[in-house]
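Residue numbers (our numbering), protein chains in the order written: chain A, 118 to 686; chain B, 118 to 686.
It is possible that part of the hints are untrue.
Unchecked claim - Each pair of labels, with its calculated beta carbon distance range:
1) T457/B with E243/A: 50 to 60 Å
2) N481/A with Q407/B: 53 to 63 Å
3) N670/A with G166/B: 52 to 62 Å
Said to hold, decoys possible - Straight-line C-alpha distance at most 30 Å; calculated DSBU-like pairs for lysine-lysine:
4) K507/A with K492/A
5) K408/B with K411/A
6) K569/B with K595/B
7) K338/A with K411/B
8) K335/A with K387/A
9) K338/B with K400/A
10) K408/B with K342/A
11) K411/B with K400/A
12) K408/B with K408/A
13) K335/A with K335/B
Simulated from the structure, these hints should not be mistaken for laboratory data. Glycine included, C-beta positions come from ideal geometry on N, C-alpha and C.
Protein chains: 2
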Amino acid sequence: MAETDQTPPPADQLDALNLSDAVQNHSFSDRVLIRSIVGRPDGGAGLAGQRVRAGGWVKTGREQGKGTFAFLELNDGSCPANLQVIVDAGVAVLGKLVATGTCVVVDGILKVPPEGTRQRIELRVEQVVHIGEVDPAKYPIPKTKLTLEFLRDHLHLRSRTNTIAAIARIRNALAFATHSFFQEHHFLYVHTPIITTSDCEGAGEMFQVTTLISEAEKLEKELIKTPSPSEVDIEAARQLVSERGEAVKQLKAAKASKEDISASVVELNKAKESLSKLEERFKLTPGIPQKDGKIDYTQDFFARQAFLTVSGQLQVETYACAVSNVYTFGPTFRAEHSHTSRHLAEFWMVEPEIAFADLQDDMNCAEAYVKYMCKWLLEKCLGDMEFMAKNYDKGCIDRLRMVASTPFVRISYTEAVEQLEEAVKGGKKFENEVEWGFDLASEHERYLTEVKFQKPVIVYNYPKGIKAFYMRLNDDLKTVAAMDVLVPKVGELIGGSQREERYEVIRERIIEMGLPLEPYEWYLDLRRYGTVKHCGFGLGFERMILFATGIDNIRDVIPFPRYPGRADL
Amino acid sequence: MAETDQTPPPADQLDALNLSDAVQNHSFSDRVLIRSIVGRPDGGAGLAGQRVRAGGWVKTGREQGKGTFAFLELNDGSCPANLQVIVDAGVAVLGKLVATGTCVVVDGILKVPPEGTRQRIELRVEQVVHIGEVDPAKYPIPKTKLTLEFLRDHLHLRSRTNTIAAIARIRNALAFATHSFFQEHHFLYVHTPIITTSDCEGAGEMFQVTTLISEAEKLEKELIKTPSPSEVDIEAARQLVSERGEAVKQLKAAKASKEDISASVVELNKAKESLSKLEERFKLTPGIPQKDGKIDYTQDFFARQAFLTVSGQLQVETYACAVSNVYTFGPTFRAEHSHTSRHLAEFWMVEPEIAFADLQDDMNCAEAYVKYMCKWLLEKCLGDMEFMAKNYDKGCIDRLRMVASTPFVRISYTEAVEQLEEAVKGGKKFENEVEWGFDLASEHERYLTEVKFQKPVIVYNYPKGIKAFYMRLNDDLKTVAAMDVLVPKVGELIGGSQREERYEVIRERIIEMGLPLEPYEWYLDLRRYGTVKHCGFGLGFERMILFATGIDNIRDVIPFPRYPGRADL
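The following block holds chain A by itself, in its conformation from the complex:
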């Protein structure tokens, strides 16, 4: 029996369900959601005798009793469980109903099936209201077991599979859990910009956003239709202006009538206008506009070079330093040519930022947030989690329980390096060297959380040389107040830090790292005027879904994955 991602309506409300007031079921449709039947704690048994309209797509269909009736497993995506539907041959042409993927809407009566069947309730059809047929010979995703890799080539249909639909419900639950957590703790949701003119990390792996190419192409087409004037055309137009100017002069000198003079002025102005248009067009050159041998971005849409954001952190800090507790939840981008199962060119990040708070507060917030999401899934998405446990990762539910209930280990980077060095002495082989001052590799992180501690681990106080300029310098002058949350299955789930709030110190750090000051002047202003201790972190939302579901490839946990060479739909 399936748990679903929201509490089903109370039974007294459902008892009243029938065709006429089924619209009361809050789904803005005249059919009831299948979850409101089979998602009930009693599996729907208490609804026996009710008349309902149901709709969905056939998962499995078969004709039985020598074609006298058909069984359909109907699913509308509202929960992982199907509704069993029985149609007599007298009601519809059964052959049109049974193909996997067929959409049907039916009216019927809910009945308790004979003993010995898995279902607690089934729908006996009285009338078929709609059939959206499928030709099984052509249907791209037939019933046979399809690999996740195959499904990536059919993004527009893959949400009809049990796996992708379950992931969609889990993703939805985690997104709403995120908002609920931060709203409960009085954080304001702030929409940081997608198009940005700041390069947060200075890393440069950014997508450029431009209209220069399309404008150039438009111009090129236009110039083919109406070619630029030649110098001869311009010269002729100039000649005309000068002639008409002369004509006006002569009329004035001859004290001609006002009418004659103004008529000739009109002619002069026409000639001038036509010349200026020709001159304007003459300047048009096909191609992307250049100035001093470089692309002239003053002619781009934003009058400067613009990019897709890699993080909303710097911008959301402006809000934290004004309204205290804030978070972003939005898409971020990396133009990395990486073909791994852990990277996307477009992915979603959650980035809270807390004023009047230090690294301890940051770790407390991160731990509370991750635990909250785990509990949320266990409470509201157990049916889908059971599906993932059965089909993809049998440990995934235990992992959620463990993370929800175990205090996270907190060790400094220095201690972490010591632990790893000890492991190496004990015979553990790592591909990457362990040495104080080097960043931890993924294998190191996973060793700490999966082998050494077997629980979530927060590593804090990293060497300043491997971290960003905005992280707060510790009193040892060697480390910064950074922290990473490591969890089993994915390794690093969260990266965060206390931000450097001291004007002189952060200015020094920018210079020390060879970054230009000018683009960060606005960021420095936050420290110049009314500076405040603050901290924050970023959680890669798709990583959280990988962690929860046990799915291996990040391309399968986002509806429309973008990676080198692919951006379907």
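We have chain A; now place chain B onto it with these hints.
Quick look at chain B alone, frame taken from chain A:
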């Protein structure tokens, strides 16, 4: 007394607040939120005697009693109201505290102020924990009344003003109301892609996303450092390969030792490798890669031309046609050179999509959603709404109340045109012609909702010629099942339609409108296989905020506005 956007914690919880357990206040900081004091129904009076740590930015500060103490109005953005703070000269240098914008953290005891003051509670400071100073001579946003236009040039500091902070809280409330509404109605939140290779509307006003320019610039720099090989270099390398090949042949012919032969093969392979590298580099040409006189997009990041999305509708339909009820809430983009107060290049849209539902259901959903948001603001954001009513639009609260409680008028487009024609006969002057078959202009929409009906109006069944190909053709073959929701103050707030679910009909419409079929094959698949009646709509999120707050310019209701020539931060 200020209402705030979440219910304050119960008094019995707050009574226990003191410096040692203030961390229990769920804001991941050792200071209490000002809202949890002054946002209480009693204005904080019941907390008298409690010792707390508070932090915030000084709105107004003044020294009093000949410099013996200072009054500070402290705000931390958690609610519109300030906390009044009193500091004695013995506790701190008062001059450092009083400048507007100064950040202070203080410990003290809450006391009921003398009768006759506006405040119900004030904080008597025992210790100043932190001062983030401000030099009033340099502070870009001093206390004087600043125009919204001026603030647009100081995006990084404008959230410290009462107005922008109030808008941020209202925006946050509307965003969470949106998620709450759709989650309550069992809609799944689906993240549609930001980078897309489909041009939904065929309109072409899209931003291009590319790495071609940066790659070309990188290559150009690289070629300056290490120039391409010349043809002479290549020829020399070829010569070397042929010589070494000859050497191998001769050794073999001379039956030389195995060692000698393999040594000479190694030399040959080195020469071949070096040649192939040279040939590779020889092919490199600076500039954006071209093929057949056009830009070669196969070399772009996604191996084809990619854009920023203008709507997630087509993509979210793939999920609706699999899991029934879905919505997107994300950024969308238009590369329009429009400088009006109603357009942004980057804005947020809410786009629900409902399967097994028709235009009536669509209108029901849209009306319920708008009403829900209005009620939410009245219940959870009244303090901020009162601020807007006082300072920007005295009718805004009444407008929310009216929309929350009045059934929306529903008239067909044809009826709407009749109403407008009647108005014209009655002497009403419009700038745009009223005629069946033409789209309604903004002035027409506002006349209907503001003058004629004075309540929200849904206009449905528009002429097919002015609407998109995917809207369902009505039986009259002249109109489509489209609908727009018009509200006072902004006009069109929502646009939606029932989608054409009949394969033959939609295919015909695509051809009829001169669009190519190929890019829509995936969209047609949704109708080929298990098609379902479905509908949806889009709400411009910033328009909803304009409607709620009465603010005139859309650039002031999004944290980081993007428009032609501007993308600050």
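Evaluated hints:
1. Under the hint 50 to 60 Å, the C-beta atoms of T457/B and E243/A, about 55 Å apart, fit the expected range.
2. Restraint check, N481/A to Q407/B: a C-beta distance of roughly 55 Å satisfies the suggested window 53 to 63 Å.
3. Taking 52 to 62 Å as the suggested C-beta distance range, the pair N670/A and G166/B conforms, at roughly 59 Å.
4. At most 30 Å may separate the alpha-carbon atoms for a hinted pair to count; K507/A and K492/A meet this at roughly 20 Å.
5. Restraint check: the Cα-Cα separation between K408/B and K411/A comes to about 22 Å, which is no more than 30 Å; the hinted pair holds.
6. Between K569/B and K595/B the alpha-carbon distance is near 26 Å, which keeps this suggested pair within the 30 Å criterion.
7. Between K338/A and K411/B, the direct Cα distance comes to roughly 12 Å. Compliance with the 30 Å bound is thereby established for this hinted pair.
8. The suggested pairing of K335/A with K387/A holds, with an alpha-carbon distance near 28 Å, which does not exceed 30 Å.
9. At most 30 Å may separate the alpha-carbon atoms for a hinted pair to count; K338/B and K400/A meet this at roughly 29 Å.
10. Distance hint between K408/B and K342/A is fulfilled; the C-alpha atoms sit about 22 Å from each other, no more than 30 Å.
11. For the suggested pair K411/B and K400/A, the alpha carbons sit about 22 Å apart, so the restraint of at most 30 Å is met.
12. Among the hinted pairs, K408/B with K408/A is consistent with the structure: their alpha-carbon atoms are about 25 Å apart, no more than 30 Å.
13. For the proposed pair K335/A and K335/B, the alpha carbon gap of about 26 Å is at most 30 Å, so the pair holds.
Going through the hint list in order, the structure satisfies each hint without exception.
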